[in-house]
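Colleague: Order-wise, the sequence lines are chains X and R.
Start counting at 1 in the first sequence, then tack on 407, and there's your number in our numbering.
Start counting at 1 in the second sequence, then tack on 350, and there's your number in our numbering.
Worth flagging that the hints you see were computed from the coordinates, not collected in a lab.
Please note: incorrect hints may appear among the correct ones.
[Claimed, not checked] Quick list of the computed label-pair ranges, beta carbon to beta carbon: (1) X:418 / R:420: 39 to 47 Å; (2) R:406 / X:458: 44 to 52 Å; (3) R:429 / X:478: 39 to 47 Å; (4) X:472 / R:420: 36 to 44 Å; (5) R:411 / X:487: 25 to 33 Å; (6) R:360 / X:478: 13 to 21 Å; (7) X:486 / R:456: 23 to 31 Å; (8) X:435 / R:428: 44 to 52 Å; (9) R:419 / X:472: 38 to 46 Å; (10) X:464 / R:461: 47 to 55 Å.
Glycine included, every Cβ here is placed at the ideal spot set by N, Cα and C.
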Amino acid sequence: ETGVTQSPTHLIKTRGQQVTLRCSSQSGHNTVSWYQQALGQGPQFIFQYYREEENGRGNFPPRFSGLQFPNYSSELNVNALELDDSALYLCASSTHPQGSYEQYFGPGTRLTVT
Amino acid sequence: KQEVTQIPAALSVPEGENLVLNCSFTDSAIYNLQWFRQDPGKGLTSLLLIQSSQREQTSGRLNASLDKSSGRSTLYIAASQPGDSATYLCAVRPLGGGADGLTFGKGTHLIIQP
């Protein structure tokens, strides 16, 4: 069984640029969620994708957007990067709507905005 | 709005001690509660998941309890080892289930001294 993978591991961008982060869900999982974790904080929910559509969103502006592909992999896109976007971005997969909704997380992408 | 608080924020104890980490949440309308471990700069590892209808779950030296009516969960670690050093995060999923994401606490940073 393959776990959740994310790429790249680290990324440095300049304020105002755009970035795309990628996630492959665990085998058999059809739902992907994205979280932002600032230093010293707990992760915050950005959004969730199921059947290639966003079906839940946290308190993040529209410049945070995503995609889910037929193989259940996903992308997180952030436009007009701000310094406060510097964080660890975590992807999690689960099964929906059946099951326990237990979330399995990837290793994360560390984004630094300068 | 759901809020999750973890106490203590940090804990340092000698090897071999039994530990209790606390998690409280403000809205008892939860679907489940999940405990995670996070090593520095890494992703989250799921430790235990407790459904709202359950009172506790056990895995090896770990035992998690849930008192939904009082909005509390505890993670008990028996016979602590240096390898248990990490940040432990508690997260709740709202009763709606899938689309609302997890709400996390800020975590307890645990150091086990050899």
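Colleague: Looking back at the numbered hints, which does the structure fail to meet, lowest number first?
Modeller: 2, 5, 6, 8 and 10
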